[in-house]
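My request is simple: use the sequences and hints to build the entire structure.
Protein chains: 2
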Amino acid sequence: MLSKSQISLLTSLQHKKFRREHGLFLVEGYKSISEFIDSHYHIHTLYHTPDVAPKLLKLSQKINLQEISLADLQKVSGLKTPADAIATVKIPQFKALTHTDLENKFSLVLDGIQDPGNMGTIIRTADWFGITNIICSDDCVEVYNPKVVQATMGSLARINVLYAGLSDFISNANLPVYGALLNGDNIYNTNFGMEALLVMGNEGNGIRPEIQQLITKAVTIPRIGQAESLNVAIATAIICSEAAGKSYK
Amino acid sequence: MLSKSQISLLTSLQHKKFRREHGLFLVEGYKSISEFIDSHYHIHTLYHTPDVAPKLLKLSQKINLQEISLADLQKVSGLKTPADAIATVKIPQFKALTHTDLENKFSLVLDGIQDPGNMGTIIRTADWFGITNIICSDDCVEVYNPKVVQATMGSLARINVLYAGLSDFISNANLPVYGALLNGDNIYNTNFGMEALLVMGNEGNGIRPEIQQLITKAVTIPRIGQAESLNVAIATAIICSEAAGKSYK
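So the sequences go chain by chain: A and B.
Residue 422 in my numbering is what sits at position 227 of the first sequence, and the numbering runs on without skipping anything.
Residue 438 in my numbering is what sits at position 243 of the second sequence, and the numbering runs on without skipping anything.
If you are wondering where the hints come from, they were derived from the structure by calculation, not from laboratory data.
Don't take every hint at face value.
The list cannot tell twin chains apart, which means a pair is met if one copy fits it or any two copies do.
Distance condition first, Cα-Cα at most 30 Å in a straight line; then the derived DSS-like pairs of lysine-lysine [said to hold, decoys possible]:
#, residue 1, residue 2
1, Lys290, Lys300
2, Lys257, Lys199
3, Lys300, Lys285
4, Lys290, Lys412
5, Lys211, Lys342
6, Lys275, Lys342
7, Lys199, Lys285
8, Lys285, Lys250
9, Lys226, Lys342
Since the structure is predicted, the reported quantities are computational estimates derived from the model, not experimental observations.
What follows is the structure, given as structure tokens:
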């Protein structure tokens with residue numbers, strides 16, 4: 196059974212202020228939690244329903260376990276339909292990325308992505324295409340927001356996320372910089388090479404002018420129909436597909 | 196000012212049962228509403244805040260207009276942050292699609308897409324790539340669900356959506372049938388030609404076995420990293436990009 200103070204801690208972690216204060220974030224559902232267990236993340240406590248118990252016999256981390264009822268899980272879950280477990284996970288220190296971390300691969304640079312669902316979907320898509328580094332401007336939504344974590348479907352456990360001032364980061368990276376803009380070159384005629392930064396902009400405003408100036412090649416997904424724009428997670432996926440998807444053929 | 200019966204009607208349209216009963220659905224935000232005004236859809240009533248009034252001088256449809264306060268809009272909006280207008284729009288009769296409607300182009304076939312956000316994003320993406328026909332299995336989420344309408348960003352106004360038994364539809368279409376499966380051919384080595392049905396399956400279960408049997412070519416987005424799967428709207432976008440995006444180069 197959950198104590199009052201545990202319920203208070205778990206519900207407080209829905210909010211950024213308390214995630215920062217406690218240095219913890221929430222992961223829901225044993226399937227996603229298991230991806231964090233098998234990663235460099237450190238699980239603080241795993242609260243699980245009885246159903247999950249048989250899966251906990253061979254854990255790769257020593258973890259504080261606490262069995263709780265589904266009724267208790269419902270009290271602390273942020274989901275409409277709570278799954279089978281919820282875990283508190285320690286927020287890691289972001290490591291700076293060196294040139295060696297970035298060379299011979301594609302990395303994503305996100306300028307002001309606000310929507311948690313978009314951010315989570317971008318992380319999941321990056322993981323599919325083998326993109327392991329995502330650099331976020333300081334005004335991007337926090338990746339430990341429960342809605343982001345949920346939308347990554349466990350992929351957050353495998354992706355290096357760095358919040359940084361993008362101007363300095365891009366200037367120091369010394370790599371080709373592709374940016375998704377409205378008047379760039381057709382992505383289907385673009386040779387993305389084998390290493391680059393791929394810059395995607397805010398849902399409404401796109402890439403900031405000062406970041407646009409650092410783009411070495413502007414690219415565009417040609418519009419055939421009449422939609423005014425593409426969702427940013429969709430546009431990111433199409434560009435990752437053209438750049439990273441094909442480079443490993 | 197909104198009457199009690201108007202408030203009751205507008206709030207009831209959040210629910211499928213009442214959308215069917217009244218033959219109406221909701222569109223929020225003047226930008227999206229204007230896409231429906233400029234389409235074959237018939238607007239029943241447009242409720243707008245004073246801000247929108249100047250935009251209403253040159254309308255392409257004769258429309259019942261009613262000016263309301265932002266406070267009234269908040270009472271009937273399904274959005275956390277209501278925009279500037281809400282409209283009731285007549286649900287049209289779905290027209291059957293003939294072979295002529297389908298030839299020389301790509302059409303999407305959706306088997307059991309459940310999530311409103313995914314459905315809306317797929318419709319918006321289809322509109323970007325010039326795909327005008329979407330055929331949905333009867334158990335797909337209803338496209339007049341307010342969350343679907345919202346996620347289409349107005350693109351629903353331009354797309355023909357048909358709900359149909361997919362087995363019969365696909366069998367009668369007499370077109371190549373590409374389906375997104377886990378063990379298909381690499382999409383990057385696939386020549387999609389100039390006309391086909393592109394079949395996408397349910398978020399958790401994929402394409403039903405009886406529909407899989409009708410696929411003439413299974414295709415797969417190669418996985419380079421470790422994500423277990425892609426979001427279905429993302430996978431649809433990547434396949435639309437490969438098929439429709441490139442065919443118009």
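Results for each hint:
1. Lys290 x Lys300: within (18 Å within a copy, 48 Å between copies)
2. Lys257 x Lys199: within (25 Å within a copy, 60 Å between copies)
3. Lys300 x Lys285: Only inside one copy: Lys300 and Lys285 sit 28 Å apart there, 50 Å across copies, limit 30 Å.
4. Lys290 x Lys412: Intra 28 Å, inter 44 Å, cutoff 30 Å: intra-copy only.
5. Lys211 x Lys342: Both: 12 Å inside a copy, 26 Å across copies.
6. Lys275 x Lys342: Cα proximity of Lys275 and Lys342: in one copy and across copies (12 Å, 16 Å).
7. Lys199 x Lys285: Within. Shortest intra-copy distance 21 Å satisfies the 30 Å Cα cut-off; inter-copy 51 Å does not.
8. Lys285 x Lys250: Answer is within; shortest intra-copy Cα gap is 22 Å, inter-copy 51 Å.
9. Lys226 x Lys342: both (16 Å within a copy, 27 Å between copies)
Comparing the model with each numbered hint stated earlier shows that all of them hold.
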